[in-house]
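Visitor: Spelled out from the first residue to the last, the chains are:
Protein chains: 2
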Amino acid sequence: MFEAAELGRKISREDFDAMAPGLRTELLDLQQQLREADFPVIILFAGVDGAGKNETVNLLNEWMDPRWIVTRAYGPPSDEERERPEYWRYWRDLPPKGKVGLFMSSWYHHPLINRVTGKTNPAELDEQLERIVHFEKTLADEGALILKFWMHLSQKAQKKRLKSLEKDPLTAWQVTKQDWEHWEMYDSFISTAERLIMHTSKGHAPWQIVEGADPRYRSAVVLQTLKEAIVKHLANREAVKKVNAEIKGKAKGKKAAEPSVLATQPSILSSLDMTQTLEGAEYNQALQEQRARLAHLYHVAREKGVSTALVFEGWDAAGKGGTIRRLTNALNARDYQVIPIAAPTEEERAQHYLWRFWRHIARAGRVTVFDRSWYGRVLVERVEGFCTEEAWRRAYGEIVDFEEQLTAHGIVMCKFWLHITAEEQLERFNARGEIEYKKWKLTDEDWRNREKWGPYEQAVNELVEKTSTTNAPWTLVEANSKNFARVKVMRTVADALEAALGKAGRRKKD
Amino acid sequence: MFEAAELGRKISREDFDAMAPGLRTELLDLQQQLREADFPVIILFAGVDGAGKNETVNLLNEWMDPRWIVTRAYGPPSDEERERPEYWRYWRDLPPKGKVGLFMSSWYHHPLINRVTGKTNPAELDEQLERIVHFEKTLADEGALILKFWMHLSQKAQKKRLKSLEKDPLTAWQVTKQDWEHWEMYDSFISTAERLIMHTSKGHAPWQIVEGADPRYRSAVVLQTLKEAIVKHLANREAVKKVNAEIKGKAKGKKAAEPSVLATQPSILSSLDMTQTLEGAEYNQALQEQRARLAHLYHVAREKGVSTALVFEGWDAAGKGGTIRRLTNALNARDYQVIPIAAPTEEERAQHYLWRFWRHIARAGRVTVFDRSWYGRVLVERVEGFCTEEAWRRAYGEIVDFEEQLTAHGIVMCKFWLHITAEEQLERFNARGEIEYKKWKLTDEDWRNREKWGPYEQAVNELVEKTSTTNAPWTLVEANSKNFARVKVMRTVADALEAALGKAGRRKKD
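So the protein lines, in turn, are chains A and B. Position 355 of the first sequence, counting from 1, maps to 355 under the working numbering, and the rest follow consecutively. Position 416 of the second sequence, counting from 1, maps to 416 under the working numbering, and the rest follow consecutively.
Just chain A, with the same shape it has in the complex:
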């Protein structure tokens, strides 16, 4: 794979100096165009030590305007990072739309080094590469331009390079013992790199192998590749925008399709027994029981560092707020955070739609309650047409992948759909107008949403079908009786936590 990067290609100083000013002007100009663009540029550098990763990143910072570039390199994770899923730190560092992010090895570092040093086996490596593919795919699907450069050196060239760095007192410190250790493992490093590149070089995030021996050659390749990729991507995004606008325009012209026979089939929601209630003493006792269980379990969870993420979705007026309050009431206020999900902020809009959820993932032992969530994409955004059909169809997989990362990290996850019947909703809407401190809750939007009951019901059905997994199951809650719903939610959370703590306990003993 790397033979073509050991040909000793060079560019003379004269040739480089002749091309440099023009190329630089173009890159600066493109950077200005990017500032208005609707996507970030993510450039990753990996490769053989001494093949010019640092120098190239420094050059990009020098040539381009460093104000619109962020450079990210990673050492061992901080404790705040260790307490979250591995990719949390990459998500929080992603450049917003219009900016360029330069990443040093980053999410490729551990998969590569752990395999080379024998800490993982080939199957584990493949699993980690699969994670990378998913990560880059979801960024690219939202528009990100992703470029990856593998800076290559032959073993001989690497030795020469390290020696020459060591000779110069100004650069000697750059060469560490680890560099030489890696040099010794060159063959294993290269064969792992081959596997890595083969598995993760995709149309949406291609690897470019760069011969790194000659600084001018490698700089020219990176700069030229970058320039062309940005030009192409800017054009592509324009084209995509046009197509999407056309699709939207056509959809508007059309009359809404008659609900098909399939749409009128019973949905998973219609199978719920909505008559269940829980009243009086029975309710009070059940509530107290679950409160006590939760209080105890969350004390243990805090001690053991087991986090919980709870998702609440449901019809307007289904009682999400009240249910959340009864639940959090059993907890210590210092341990939980309720995150109301409304319209994204400006900083959030400049990022991938999952970014704003990643940023709320809490440290070990905490409870995060999402009052509405990332499911907005396949609910309101789908039904209201706020995103393209392609985007919400893709979202099921992205969401499952996201939740999988949370649960794989040991986070306990429960997702609730609070269901009420259309009649019950109407009654509650009418009642709201009458209770002073509940008036603010009822908005015109609530009435508009109500008119789309059918499409929402269909969306809920599909959401449960596609995103209810063993580790992050959906619980459908019969919420015509608020009491019944509250106790069911609390019991479900307690059960899930109990099971997880049992596991966590066992894991420790092993």
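Simulated from the structure, these hints should not be mistaken for laboratory data. Beta carbons: idealized from backbone N, C-alpha and C, even for Gly. Mixed in with the good hints, there may be bad ones.
What the hints assert, rightly or not - Calculated pairs, DSS-like style, for lysine-lysine (alpha carbon to alpha carbon, straight line, at most 30 Å):
| hint | chain 1 | residue 1 | chain 2 | residue 2 |
| --- | --- | --- | --- | --- |
| 1 | A | Lys97 | B | Lys97 |
| 2 | B | Lys227 | A | Lys441 |
| 3 | B | Lys241 | B | Lys202 |
| 4 | A | Lys304 | B | Lys163 |
| 5 | A | Lys163 | B | Lys304 |
| 6 | B | Lys304 | A | Lys177 |
| 7 | A | Lys241 | A | Lys97 |
| 8 | B | Lys167 | A | Lys304 |
| 9 | B | Lys304 | A | Lys159 |
Stated by the list, open to error - Residues from chain A shown here face chain B by an in silico Cβ test under 8 Å; the list is partial:
| hint | residue |
| --- | --- |
| 10 | Asn54 |
| 11 | Asn58 |
| 12 | Glu62 |
| 13 | Ala73 |
| 14 | Glu80 |
| 15 | Met104 |
| 16 | Leu170 |
| 17 | Arg325 |
| 18 | Asn332 |
| 19 | Val338 |
| 20 | Asp371 |
Claimed, not checked - Chain A side only, calculated, beta carbon under 10 Å to chain B, not exhaustive:
| hint | residue |
| --- | --- |
| 21 | Thr25 |
| 22 | Arg67 |
| 23 | Ile69 |
| 24 | Glu81 |
| 25 | Tyr336 |
Position chain B against the provided structure of chain A, taking the given hints into account.
Guide: Just chain B now, kept in the frame of chain A:
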């Protein structure tokens, strides 16, 4: 001080139940009003263990809408927190405008406990309390409503309370060994608390001492106090807005005052020798020398965890960007971050004006370069009237305090004003239009700013006078010669870092 909080005051269940629904409605209603308000509410709870801090915070979360409340409690700092000044974690947790933040002990915890356990002496305690006063003052000055509740119990009542918690298996876990240890130190705790409350109870952030023995009484006091404070603050802010609008209106009507005799006196800028240059071989040699010094010094700084914060201000076209690039060019791109300061984002606008700078304070060993900075408040915001005169006059002290926290934490700080003459600026503006890749840099705003040269010069003069401190000095850079400016900046940074590393080295040996 606490005698009045040991009177055994109680509220009967009937009385409480009679007042509760009305109070709750009012609080929920106020919360809705707050969402549109231009200030955050910061409520802090401290006091004797067992006096109901947790319960009260839980109650507030239960009664009010938890979606617009954040609750913050602090354990030992994470490593990301330890690598920054102490208050970084409080700044990052501040609620935005329209939200309520409930803080458990927080910035009061360490001053109190460290004094009680003898880790600090009275003078050190006072210093820490002074820091608190500054912190709360700057938040209040920007509009925050700050309330602090000291939950009190007599030693006898505390014992009773701890015993009763221990008896109930559901709450026994809440009582720790530390609680009993603190109980033993009750007298010392109380006398320290007195000092703390006396020093930090200010008009803008008053302490309210609450008798904590009776849950209903203490809840009623907190809820009632909170309600009244919010009502009053909402009204106050409206009044302030009106007054400011009037002042602004009057200022608009008036003709600009003739520059006074004082304003035409030579400023600190006019004393600079603007003829200094550095050309050809001399420049190249000096540049290479400083580059090498910086590269070496920053390698050591990274190893030792010494961070640097560099501030660049200056006239438009003074060469900030080019100077920053020459400087960062000597560094490893992974170790520095250039932060361009432009208009604040929506999330930043919802916070204290210093918040957006606190969020960029880097971890240990990193370099943060601010291309424009918090000095915007006393430069552009002052000159353009974007903030009130009272606000920018106050800002000098706030800025010195902010920088003092950074340098006290060991961060090396240099601040540069890049100065060019008005004639030089004109020449550069004209030249910019001609160089292809510099065209984008020249905006209409640049021409407008140029017309206000006089007021800006006055502002710069005052800024240097009021904010150049030993640990965070201003360096005025004669920048008519770009070469001269670049080398001067690099040398200044290298000198400062060398001095700091010398100190850091000595400190380690001590």
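Visitor: Go through the hint on Met104/A and say holds or violated, using the shortest Cβ distance to chain B against 8 Å.
Guide: 6 Å, holds
Visitor: Given Val338/A was flagged as interface, is its beta-carbon under 8 Å from a beta-carbon of chain B?
Guide: Holds: closest Cβ of chain B sits about 4 Å from Val338/A, inside 8 Å.
Visitor: Would you mind confirming whether the straight-line C-alpha gap from Lys227/B to Lys441/A stays at or under 30 Å?
Guide: 21 Å, holds
Visitor: Was the hint right that Ala73/A lines chain B, CB cutoff 8 Å?
Guide: 3 Å, holds
Visitor: Could you check if Glu62/A really has its C-beta closer than 8 Å to a C-beta on chain B?
Guide: The hint holds - Glu62/A has a Cβ within 8 Å of chain B, the shortest such distance being about 5 Å.
Visitor: Taking the closest Cβ pair, is Arg67/A under 10 Å from chain B?
Guide: 4 Å, holds
Visitor: Would you mind confirming whether the straight-line C-alpha gap from Lys241/B to Lys202/B stays at or under 30 Å?
Guide: At roughly 23 Å apart (the allowed maximum being 30 Å), Lys202/B and Lys241/B satisfy the hint.
Visitor: Regarding the hint that Glu80/A lies at the interface with chain B, is the smallest CB-CB distance below 8 Å?
Guide: 5 Å, holds
Visitor: At a threshold of 8 Å, is the proposed contact between Asp371/A and chain B supported by beta-carbon distances?
Guide: Interface hint status for Asp371/A: holds (6 Å vs cutoff 8 Å).
Visitor: Was the hint right that Asn58/A lines chain B, CB cutoff 8 Å?
Guide: 5 Å, holds
Visitor: Holds or violated: is there a CB of chain B closer than 8 Å to the CB of Arg325/A?
Guide: 6 Å, holds
Visitor: Just to be careful, I want the Cα atoms of Lys304/B and Lys159/A compared with a cutoff of 30 Å; is the pair within it?
Guide: Answer holds: Lys304/B to Lys159/A is near 29 Å, not above 30 Å.
When held up to the earlier numbered hints, the structure conflicts with none and fits them all.
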